[in-house]
Amino acid sequence: QKEVEQNSGPLSVPEGAIASLNCTYSDRGSQSFFWYRQYSGKSPELIMSIYSNGDKEDGRFTAQLNKASQYVSLLIRDSQPSDSATYLCAVNGKTSYDKVIFGPGTSLSVIP
Amino acid sequence: DVKVTQSSRYLVKRTGEKVFLECVQDMDHENMFWYRQDPGLGLRLIYFSYDVKMKEKGDIPEGYSVSREKKERFSLILESASTNQTSMYLCASTEGPTLEQFFGPGTRLTVL
Numbered sequence: 001q002k003e004v005e006q007n008s009g010p011l012s013v014p015e016g017a018i019a020s021l022n023c024t025y026s027d028r029g030s031q032s033f034f035w036y037r038q039y040s041g042k043s044p045e046l047i048m049s050i051y052s053n054g055d056k057e058d059g060r061f062t063a064q065l066n067k068a069s070q071y072v073s074l075l076i077r078d079s080q081p082s083d084s085a086t087y088l089c090a091v092n093g094k095t096s097y098d099k100v101i102f103g104p105g106t107s108l109s110v111i112p
Numbered sequence: 001d002v003k004v005t006q007s008s009r010y011l012v013k014r015t016g017e018k019v020f021l022e023c024v025q026d027m028d029h030e031n032m033f034w035y036r037q038d039p040g041l042g043l044r045l046i047y048f049s050y051d052v053k054m055k056e057k058g059d060i061p062e063g064y065s066v067s068r069e070k071k072e073r074f075s076l077i078l079e080s081a082s083t084n085q086t087s088m089y090l091c092a093s094t095e096g097p098t099l100e101q102f103f104g105p106g107t108r109l110t111v112l
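Chains A and B, in that order, give the protein sequences.
Sequential numbering of the first sequence, starting at 1, is according to our numbering.
Sequential numbering of the second sequence, starting at 1, is according to our numbering.
For reference, chain B alone in the conformation it holds in the complex (with noise of 0.2 Å):
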């Protein structure tokens, strides 16, 4: 079975903070991808990569940074954490052919 893994199922941090949500697959997926979930918005794309060092902007990208030095983890990095980045945070790795996407158990980050 694919397995998807987040660093940390709850996270509390301050206002300011530099906050790394770290996501690791073990599928040897080449596509991994980090949503937000937040309710009445649904999921948001704020960052995928589709390769190592390789990473695109989805939909949310401002006030998110990402790295991938390795195929397996895919990090997500708040540089400066704000009270509205409070939500839910999940990553999803993708078969490459099925374009099926995997989920982590996700990241509930509250930002005071």
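Pulled out of the complex, with its shape left as it was, chain A reads as follows (with noise of 0.2 Å):
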């Protein structure tokens, strides 16, 4: 059984702060690794997707992966209010037709 975990929540970090979200996933063949951000009541939207082993930047967001070790993180520069959400790490196989996996969901909250 594929899985994705997550650290649990509900993560609160002040406003200004960075904000650190961490998965780790079982199935080692695993190519494709994704961070969804979800508001309440609202569908999981993408910020960031990375492919290979190091960083990857994206604004406030930095994405880091490890292969070998299994683990992707997802970190927050500078955290505002609108953070506020569940953040989804999803990981997939190799191709279109391995089924993309889903963490449960870290929970954040940037207090002001």
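Some clues are possibly wrong.
Simulated pairs of lysine to aspartate or glutamate, EDC-like, Cα-Cα distance not exceeding 16 Å [claimed, not checked]:
id	chain 1	residue 1	chain 2	residue 2
1	A	LYS99	B	GLU30
2	A	LYS67	A	ASP55
3	B	LYS3	A	GLU45
4	A	LYS42	B	ASP38
5	B	LYS13	B	GLU100
6	A	LYS99	B	ASP51
7	A	LYS99	B	GLU56
8	A	LYS99	B	GLU95
9	A	LYS99	B	GLU79
10	A	LYS99	B	ASP28
11	B	LYS55	B	GLU69
12	B	LYS71	B	ASP28
It should be emphasised that the hints constitute simulated quantities derived from the structure, not laboratory data.
Fit chain to chain and form the complex, with the hints in mind.
Pasting the structure below:
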């Protein structure tokens, strides 16, 4: 059974701080990794994708991937109250025929 | 921008009714998915489709069926709705090479 786990929340950080969200996965063959943000009552939206080891930066967001440790993380710098949401980690295999496996999500609250 | 639309945002049905949930995407994506999302259980895959008239069972297909007669449209059918099918239903489509999923706005179904 392929699994994706995320650090349990809720996570609270003050405005302007760095929020760190973590995710581990069980399938060593996984090739594609995604972070989705989901506001309450809304559908998930893709914020980051990463396919190779290392860091990928996009504005205030940085995704980090370590395939040897089967670990992917999301850092949010200068956290804003608008970042308050549930963050879902998702992991896929090599091809589009592999199902995406979603983690349970981590709830983030940014306190003004 | 990719647009995934769902036929209803809110739906109330009675036990035993046949329920149709429709999903349409406008980006010529090959792959389409139906999930349900429940508090504490995360996103669970019901069915997915890689091509017209093709369908594959996900993790929780019992009580559901699907139809994909046209590439852009993927329908979820509850043959005889039950109260335990009360949930948020999310449709998604995937861009083949990147495997990034784009979600529709969701349908909150209540079965009385």
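We went through each hint and held it up to the structure:
With a C-alpha separation of about 14 Å, the suggested pairing of LYS99 (chain A) with GLU30 (chain B) holds against the 16 Å cut-off. Proposed proximity of LYS67 (chain A) and ASP55 (chain A) is supported: the alpha carbons are some 12 Å apart, at most 16 Å. With a CA separation close to 12 Å, the supplied pair LYS3 (chain B) and GLU45 (chain A) stays within the 16 Å bound. The hinted pair formed by LYS42 (chain A) and ASP38 (chain B) meets the criterion: a straight-line CA distance of about 13 Å does not exceed 16 Å.
Simply put, LYS13 (chain B) and GLU100 (chain B) have alpha-carbon atoms about 32 Å apart, too far for the 16 Å limit, and the pair is violated. The hinted pair formed by LYS99 (chain A) and ASP51 (chain B) meets the criterion: a straight-line CA distance of about 15 Å does not exceed 16 Å. For the hint pairing LYS99 (chain A) with GLU56 (chain B), the CA-to-CA distance comes to about 10 Å; that is within 16 Å, so the pair holds. For the hint pairing LYS99 (chain A) with GLU95 (chain B), the CA-to-CA distance comes to about 13 Å; that is within 16 Å, so the pair holds.
Taken as a hint, the LYS99 (chain A) and GLU79 (chain B) pair is broken in the structure, with Cα atoms around 25 Å apart against an allowance of 16 Å. Between the alpha carbons of LYS99 (chain A) and ASP28 (chain B) the distance comes to roughly 19 Å, so the proposed pair goes past 16 Å and is violated. Restraint check for LYS55 (chain B) and GLU69 (chain B): the C-alpha separation of about 11 Å stays at or below 16 Å, so the hint holds. The suggested pairing of LYS71 (chain B) with ASP28 (chain B) holds, with an alpha-carbon distance near 7 Å, which does not exceed 16 Å.
Violation of the numbered hints given earlier is confined to hints 5, 9, 10; the remaining hints are satisfied by the structure.
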